[in-house]
Amino acid sequence: MSEEQVTVAQIPDISLQFEGRVVKDTRAGYSGFIVGAEHLLDVVQTLRDELGFDYLSSVTGVDYLPEGKMEVVYHLYRSIGGPALVFKVQVPRDEAVVPSLYHIFKSADWQEREAWDLMGIRFVGHPDLRRILTWEGFAGHPLRKDWKEPYFEEETKPYKSRWPEGITGYIEDNNPYHDNLQYPAGFDPETWIPQAEEALYASAQKIGRDKELHTDTVVVNLGPQHPSTHGVFRMVAALDGEQVVFLKPVVGYLHRNHEKIGERNTYLQNMPFTDRLDYVSSMSNNFGYALAVEKLMGIKPPERADYIRVMMAELTRWMNHVFSFGFLWNDLGSYFTPMIYALEERELILDIFEAVSGSRMMCNYFRFGGVARDLPEGVLNKVKELVFERMPRQLDAIDKMLSTNEIVRNRCIGCGVLTAEQAINNGASGPNLRASGVPYDIRRADPYSIYDRLDFDVVVHYHGDVYDRYLTRLDEARQSNRILQQVVRDIPEGPIMTGKPAYQVRVPAGEAYGRVEAPKGELGFYIVSTGKPNPWRYHVRAPSFINLTSLEDMCRGGKIADVVLNLGAIDIVLGEVDR
Amino acid sequence: MSDETIQSSNYEIPPEMQGTVSITSLDKVYAWSRKNSMWPMMFGLACCAIEMIVLAASRFDIARFGMEVMRPSPRQSDFLIVSGTVTKKMVPQIVRLYNQMPEPKYVVSMGACASGGGPFKEGYSVVSGIDKYIPVDVYIPGCPPTPQALLNGLIALTKKVDKERIKTSEWYAKGSEAAVPVPVLGPDLMDPRKYALIYEQTHRPIEPEIPAETEQKEG
Amino acid sequence: MTGKGFLSMLLGVFKRFVMTYVEDFRKGKKRYYTAEGIESRRKADVQGIFTIQYPEEKLPVPEEFRFLPFLVYEEGPNGEKDLRCTSCGICAKVCPPQCISIVRTNDPVTGKPVPQPKEFYIDVDICMNCGLCAEYCPFDAIKMDHDYELASYTRQGNIYDIERLSKPVSYYAGIRPTNYSAEEHARQEKEALKAAAKKPAATEGAG
Numbered sequence: 009m010s011e012e013q014v015t016v017a018q019i020p021d022i023s024l025q026f027e028g029r030v031v032k033d034t035r036a037g038y039s040g041f042i043v044g045a046e047h048l049l050d051v052v053q054t055l056r057d058e059l060g061f062d063y064l065s066s067v068t069g070v071d072y073l074p075e076g077k078m079e080v081v082y083h084l085y086r087s088i089g090g091p092a093l094v095f096k097v098q099v100p101r102d103e104a105v106v107p108s109l110y111h112i113f114k115s116a117d118w119q120e121r122e123a124w125d126l127m128g129i130r131f132v133g134h135p136d137l138r139r140i141l142t143w144e145g146f147a148g149h150p151l152r153k154d155w156k157e158p159y160f161e162e163e164t165k166p167y168k169s170r171w172p173e174g175i176t177g178y179i180e181d182n183n184p185y186h187d188n189l190q191y192p193a194g195f196d197p198e199t200w201i202p203q204a205e206e207a208l209y210a211s212a213q214k215i216g217r218d219k220e221l222h223t224d225t226v227v228v229n230l231g232p233q234h235p236s237t238h239g240v241f242r243m244v245a246a247l248d249g250e251q252v253v254f255l256k257p258v259v260g261y262l263h264r265n266h267e268k269i270g271e272r273n274t275y276l277q278n279m280p281f282t283d284r285l286d287y288v289s290s291m292s293n294n295f296g297y298a299l300a301v302e303k304l305m306g307i308k309p310p311e312r313a314d315y316i317r318v319m320m321a322e323l324t325r326w327m328n329h330v331f332s333f334g335f336l337w338n339d340l341g342s343y344f345t346p347m348i349y350a351l352e353e354r355e356l357i358l359d360i361f362e363a364v365s366g367s368r369m370m371c372n373y374f375r376f377g378g379v380a381r382d383l384p385e386g387v388l389n390k391v392k393e394l395v396f397e398r399m400p401r402q403l404d405a406i407d408k409m410l411s412t413n414e415i416v417r418n419r420c421i422g423c424g425v426l427t428a429e430q431a432i433n434n435g436a437s438g439p440n441l442r443a444s445g446v447p448y449d450i451r452r453a454d455p456y457s458i459y460d461r462l463d464f465d466v467v468v469h470y471h472g473d474v475y476d477r478y479l480t481r482l483d484e485a486r487q488s489n490r491i492l493q494q495v496v497r498d499i500p501e502g503p504i505m506t507g508k509p510a511y512q513v514r515v516p517a518g519e520a521y522g523r524v525e526a527p528k529g530e531l532g533f534y535i536v537s538t539g540k541p542n543p544w545r546y547h548v549r550a551p552s553f554i555n556l557t558s559l560e561d562m563c564r565g566g567k568i569a570d571v572v573l574n575l576g577a578i579d580i581v582l583g584e585v586d587r
Numbered sequence: 023m024s025d026e027t028i029q030s031s032n033y034e035i036p037p038e039m040q041g042t043v044s045i046t047s048l049d050k051v052y053a054w055s056r057k058n059s060m061w062p063m064m065f066g067l068a069c070c071a072i073e074m075i076v077l078a079a080s081r082f083d084i085a086r087f088g089m090e091v092m093r094p095s096p097r098q099s100d101f102l103i104v105s106g107t108v109t110k111k112m113v114p115q116i117v118r119l120y121n122q123m124p125e126p127k128y129v130v131s132m133g134a135c136a137s138g139g140g141p142f143k144e145g146y147s148v149v150s151g152i153d154k155y156i157p158v159d160v161y162i163p164g165c166p167p168t169p170q171a172l173l174n175g176l177i178a179l180t181k182k183v184d185k186e187r188i189k190t191s192e193w194y195a196k197g198s199e200a201a202v203p204v205p206v207l208g209p210d211l212m213d214p215r216k217y218a219l220i221y222e223q224t225h226r227p228i229e230p231e232i233p234a235e236t237e238q239k240e241g
Numbered sequence: 012m013t014g015k016g017f018l019s020m021l022l023g024v025f026k027r028f029v030m031t032y033v034e035d036f037r038k039g040k041k042r043y044y045t046a047e048g049i050e051s052r053r054k055a056d057v058q059g060i061f062t063i064q065y066p067e068e069k070l071p072v073p074e075e076f077r078f079l080p081f082l083v084y085e086e087g088p089n090g091e092k093d094l095r096c097t098s099c100g101i102c103a104k105v106c107p108p109q110c111i112s113i114v115r116t117n118d119p120v121t122g123k124p125v126p127q128p129k130e131f132y133i134d135v136d137i138c139m140n141c142g143l144c145a146e147y148c149p150f151d152a153i154k155m156d157h158d159y160e161l162a163s164y165t166r167q168g169n170i171y172d173i174e175r176l177s178k179p180v181s182y183y184a185g186i187r188p189t190n191y192s193a194e195e196h197a198r199q200e201k202e203a204l205k206a207a208a209k210k211p212a213a214t215e216g217a218g
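Residue numbers (the numbering used here), protein chains in the order written: chain L, 9 to 587; chain C, 23 to 241; chain R, 12 to 218.
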């Protein structure tokens, strides 16, 4: 493993290879390369086919208002591991047009739609460039720096109106509509024609027209209020009989403008907001964000803090996977009894989180350079009891009850197959990727924190179906348990924080991308700092969001009843999908 | 769970029949039976929904209150737990679901987000409280409320139901309230009840400073 | 054999059902409605029934538990309330959703700020219970409460004012004994240091 790491750890200087088309990014604090927009497609094609960078992880739009530029940042990896190749495309702000990478990397699909929706960057060649998080007809592109929300107060927090002359009353009382609303001048609501769904349904109805025997397809809506959608998620499926011939997910029903708020917040203020991304595993979100900011600040947490962090992250992973088994059972029709078993295990871990951080779900426990507080008395013993006795035992029980169960096997094996090529091309990550036979785990591929010192295996299964996704999670939970046993054995005494706790941290100008292997997949935070107390750009590469790109590939050709199963096996959390 | 008797104190029961016979009013039986089988709608929005699921699981177990029958269909549910952030894109659906619920119907606003927008209030796509669109019966603060806090709110709701009487209840009054108009997604969320106001505001002569966006400091 | 896996699942469910009664039998009356019983139902070796019978029995919250913030005041001998808050505004600055709003007191004569708040509002419909205000308050004046039973029928009064937020030190010491004693200890040490630093200066001045 270590020998291989040395060879893949090098990022080639592509500015030499593509002379004239690619230049180095020389801004202070930045890394990577800048590619001319007109050469983007050739360069990316070569990178993928000749240099082995086959995994497009994230596409981020950044609005550099003072320079009058829009920038699109791409993070490209090799699926055999190693650090990222970062390259950017810069276009003028008022004519932001970039060629789409859709046909080279399908993982760009939703991310480009997001950049179009929120930043107003048009991607030429994208076949379905509709709004994704807001709705068709929404006025403006909200993440542009000059776009103001109805309750706009100031560019950055803290707002001056709170102290020393505090305001009283509700903020909506200052709005003419007494709600969070604004309309463009001259707008007449009576003449408004909603246009949101037409483009979507039009593409659904086109399917099946050109067949010899002309059969009607039925368009079915699942969600956003549907018991199987794990939240407010909607799918539009076209059915030929019972078979799915077309499926488009519709998201954005939980779009909470995480990123716009994140740019107003100070660095520390973002920490509790990250809890609400993937609200089932908040500790992992904290971890990713803390790593990204620490990268910018150039600090490292002390040893004990690192151990505590890994302990919390692995407990979260274990809990999340067991929770997902409960959902799997639920989706298979065994309503709630198995879910109750899963939730019991979760409760016991939540008790630990509550004792350590103060809250069951929204932990807000990590700080830059450490963790918020040391483990209270008795908690470590409780964790020991869990990881050495209860957790392995319960996993075995789940294994026994589920893995050989005929209903589970009959429905899951061969359902929702995703090949390795598809998985990599779609940017799937986490258990979804590893179930398709790609042994890519960030904890090994690009190690962070103390994972390089810990002994665990990268779980991989090869069939890429729902059953293998389940097995991957099961084995991964076992590996988590193994990590936890090492961590509670070796955890050292010592400080839990580098430097003094401060509510205003100094973050030098530059960019950073911190990523962790969250339970759902690769969770990345892209942060641009201008040296001020607030980030200039704060982008979340949410694993659930990008994993959903694969949903259509999994469902097409299958039965409508299996759609629910496929969705459940991807394991999404809407807080993270919609942000 | 509930040990309280439905016996009305106004009536004397002969000692030999105590424990087997209760005399009570129809009102009381009606309220008692209703409050002990409130069916929530299976409808989760955001983070709070996870705590709502936990509430139905074994540690907190709402079956003890006769609420374990979570119905995915609004037609069969008695109350709606608005569990989480209400986004503008979701408001039309929530209002429609509320309209589809049979009367009497109740709404529990769970968590800071549903009550007033919560931490996401300042953003552009979250409404400042679901009570701007549908009537809310119980508000539960917290972000998220722990399952026990939610249980506390649900007990408050059953208490409210318990107090309702057939004669005075608004649900059975003539001309019971009409359906809430479903908002429309335009350049921003549009409540049909506010069309005139929107027109008036968007057709004002442009002033150098729009008062809606400036900070008004009063009081 | 087909059906074996299915039966093993049913067996697992049945085992849990039986264990509830076995545990009941083993633990006897102590199992319900006692602090010990609640504790036994949240241990790592819990089997059988798992339910906490809220509201009759309540799950005890750990010391670090946080719900909404409150302001700590020192109780004077005659029942006067002396808020620890100096209206420095750090909590309002650090609050992520900006739900804290403070009006500083100005001296009516000189017009200069006085270190105590005139008004202190927290909008609990915005508060995200993150605990940053309590964490960064330099005067230990704002703390996170344990009281979560706050359901109400109206939203009126969900902007908590200074009256609603103030709670005595004794309450704080009651819900967070470890934190309280650690803070008191640190304060006494600080004061001792201050006094030690002052003494030589005072004697010098006298001499």
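Check each hint, because a few of them may be wrong.
[As the list claims (entries may be wrong)] Looking from chain C toward chain R, a few residues come up when the C-beta cut is under 8 Å (computed):
hint	residue
1	Tyr52
2	Ser55
3	Asn58
4	Gly140
5	Pro141
6	Pro163
7	Gly164
8	Cys165
9	Gln170
It should be emphasised that the hints constitute simulated quantities derived from the structure, not laboratory data. Glycine included, C-beta positions come from ideal geometry on N, C-alpha and C.
Hints, one by one, checked against the model:
1. The beta carbon of tyrosine 52 of chain C is not positioned within 8 Å of any beta carbon in chain R (closest approach about 21 Å), and the interface hint is therefore violated.
2. Against a cut-off of 8 Å between C-beta atoms, the interface hint on serine 55 of chain C is violated, since the closest Cβ of chain R lies about 21 Å away.
3. At its closest, the beta carbon of asparagine 58 of chain C sits 15 Å from a beta carbon of chain R; the interface hint therefore is violated under the 8 Å criterion.
4. For glycine 140 of chain C, the shortest C-beta to C-beta distance to chain R is roughly 6 Å, which falls under 8 Å, so the interface hint holds.
5. With a least beta-carbon distance of about 4 Å to chain R, the hint placing proline 141 of chain C at the interface is held under the 8 Å criterion.
6. For proline 163 of chain C, the shortest C-beta to C-beta distance to chain R is roughly 5 Å, which falls under 8 Å, so the interface hint holds.
7. Restraint check, glycine 164 of chain C versus chain R: the minimum CB separation of about 6 Å is within 8 Å; hint holds.
8. Because the closest C-beta pair between cysteine 165 of chain C and chain R is about 4 Å apart, less than 8 Å, the hint holds.
9. Evaluation of the glutamine 170 of chain C hint against chain R yields a held restraint, the C-beta minimum of about 5 Å falling below 8 Å.
Violated hints, listed in ascending order, are 1, 2 and 3; each of the other numbered hints is respected by the structure.
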